[in-house]
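Chains as they are written, first to last, in our numbering: chain E, 1 to 88; chain H, 89 to 516.
Misleading hints may appear alongside valid ones.
In the DSS-like style, the derived pairs of lysine-lysine whose C-alpha atoms are separated by at most 30 Å in a straight line are [to be verified]: (1) H:K176 <-> H:K505; (2) E:K19 <-> H:K452; (3) E:K19 <-> H:K505.
Because the hints were derived from the structure by calculation, they are not lab data.
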Amino acid sequence: MTRLLLDAREMEHPEPLEKAIAILRGLDEESYLYMLHRREPVPLTALAREHGLNALVRCDEQGEWHILISRNRDIDLEAFLLDRDSRA
Amino acid sequence: MFQNSGLSLDQAPPISVVFRFFLAGSLWGIAAGIWLFFAGAPALEPSTPEALILTHMLTLGVMLSFMLGALFQMLPVLAGVALHDPVKAAIRSQYPILFGTLFLLSAFATASGALYAFALLFLGIGLLPIAARMLSRLYRLPSHSPSSRGMGFSLYNLLLLVAVGGWMLALLGGWMQRGDLPALKQLHLDLGLLGWIALLIVSVSFQVIEMFYVTPPYPKRYARWMPALLTGTLTVEFVAALNAPVLEPWIESFAAILLMVHALLTLRRLSMRQRPLTDATVWFWRLGMGALAAAMLLLVVGNLTDLSTSLTMVLYVLYTSFALSVVLAMAYKIVPFLTWFHLNAQGYFTAPMMHEVIHPQNAKRHLALHSTTVFVALVAAFDPRLWPLAGSLLCASFAWIAVNIYRAWHLYLHVQKTGERFDMGSFS
Numbered sequence: 001m002t003r004l005l006l007d008a009r010e011m012e013h014p015e016p017l018e019k020a021i022a023i024l025r026g027l028d029e030e031s032y033l034y035m036l037h038r039r040e041p042v043p044l045t046a047l048a049r050e051h052g053l054n055a056l057v058r059c060d061e062q063g064e065w066h067i068l069i070s071r072n073r074d075i076d077l078e079a080f081l082l083d084r085d086s087r088a
Numbered sequence: 089m090f091q092n093s094g095l096s097l098d099q100a101p102p103i104s105v106v107f108r109f110f111l112a113g114s115l116w117g118i119a120a121g122i123w124l125f126f127a128g129a130p131a132l133e134p135s136t137p138e139a140l141i142l143t144h145m146l147t148l149g150v151m152l153s154f155m156l157g158a159l160f161q162m163l164p165v166l167a168g169v170a171l172h173d174p175v176k177a178a179i180r181s182q183y184p185i186l187f188g189t190l191f192l193l194s195a196f197a198t199a200s201g202a203l204y205a206f207a208l209l210f211l212g213i214g215l216l217p218i219a220a221r222m223l224s225r226l227y228r229l230p231s232h233s234p235s236s237r238g239m240g241f242s243l244y245n246l247l248l249l250v251a252v253g254g255w256m257l258a259l260l261g262g263w264m265q266r267g268d269l270p271a272l273k274q275l276h277l278d279l280g281l282l283g284w285i286a287l288l289i290v291s292v293s294f295q296v297i298e299m300f301y302v303t304p305p306y307p308k309r310y311a312r313w314m315p316a317l318l319t320g321t322l323t324v325e326f327v328a329a330l331n332a333p334v335l336e337p338w339i340e341s342f343a344a345i346l347l348m349v350h351a352l353l354t355l356r357r358l359s360m361r362q363r364p365l366t367d368a369t370v371w372f373w374r375l376g377m378g379a380l381a382a383a384m385l386l387l388v389v390g391n392l393t394d395l396s397t398s399l400t401m402v403l404y405v406l407y408t409s410f411a412l413s414v415v416l417a418m419a420y421k422i423v424p425f426l427t428w429f430h431l432n433a434q435g436y437f438t439a440p441m442m443h444e445v446i447h448p449q450n451a452k453r454h455l456a457l458h459s460t461t462v463f464v465a466l467v468a469a470f471d472p473r474l475w476p477l478a479g480s481l482l483c484a485s486f487a488w489i490a491v492n493i494y495r496a497w498h499l500y501l502h503v504q505k506t507g508e509r510f511d512m513g514s515f516s
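Please take these sequences and the hints and turn them into a complete structure.
Okay, here's the thing in structure tokens:
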């Protein structure tokens, strides 16, 4: 699976949402969006679920949000979660 | 290691719910500008019917409309509270509030007891059920953020405000004799301006300043306790108004100092932005928070010594500038976002980007107009000949935002009518 990383931790509203939607529109069965954010982007996950996409939202110990969205509903997004070391 | 998401949002409130309140608020702002143009300086002199009318046009007409619209939008996003059937709830509160406000303004102009009674009835019907419903939903939340807690306290203050307003109308209408009208008036002002309007803005700022502008968060303990402390202070003032009105100015001064601290903390945070991009909404916030700090300082000084009529007017102008600046900052974030969000949720390929709904340059021009309005109004406090100009500018400023909201709404309908839609499978 191809990871399309969007590090939105230092982006100002509405940049993260607009960039994430642009990536979602380009997803295929073999790719997924991996977004890092300082807040939970509720509207983005609401939009993804509205369109029947596979979405996973988790907050890590540092308070950073990991948002994984794929078009392929058969994959377990949990398996693609990155910890701090693997991101580095 | 990873924690599950605590929030879920099936859908945002329908766009019409928020836009109807924002548009109504803008139209009331135009009306307030026209009123100021014709009434002139008496509209800023305490206790004149002209001033009561202008104050309630701005608070019940402009601020309440924008704040209810923002609450319908913010409660699901910031607090995870979605109201059932928001369209019906919005209509059931908006029309009674509209008629109640019109009755109240007419009552101020004519001192008619019957009009006061109608005002009380309609405002009660419009405000109490929606405020109680929002408050009860917030109360039932298993855990609170500083924003949701603060929103709850501000709604509690709104309920107290309506109750005190009703009491005052009963005194003015002659159906009740108990109560000291000047003390109740002071309490009504503080509950409305400090406990409802300012505290709701404070509560929203806890989340949006950090979220929108990538600033450091407010100190945790401060954000947790400030709304409770302010509300507790106003509750003590409530008791003092009934039993020891002489204490009211001291209690009010303490509340003002709390808000001044918040304004300074916010300005500090905005100066620590990680990516200081140029954005009109940041400057609306800066202007608003600067005006709040100055207004609260004047309020405290006014409680220690008598302010001249001009300085009292400056205080009113500064407070109004605070509230209107933040309202405009939020409107320029919410209106493009909602238009974009709903069209994307409905799957329109041709959905405009947020900056295409209201161009940032447009917001910057409005910032210039709004800043000029504030400046002229401040000078008019010392040169009353300028009040008609201030009124015209206020009118133009609200016409500007009304046109922007209408255009966004029109664009939304246009894309819905002509845009190409994609289904779930065609996201790619």
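Now the hints, each set against the structure:
1. Under the criterion of a C-alpha separation no larger than 30 Å, the hint pairing K176 (chain H) with K505 (chain H) is consistent with the structure, at around 24 Å.
2. With a CA separation close to 24 Å, the supplied pair K19 (chain E) and K452 (chain H) stays within the 30 Å bound.
3. Note on K19 (chain E) and K505 (chain H): the hinted pairing holds, with a Cα-Cα distance of about 25 Å set against a maximum of 30 Å.
No hint from the list above goes unmet by this structure.
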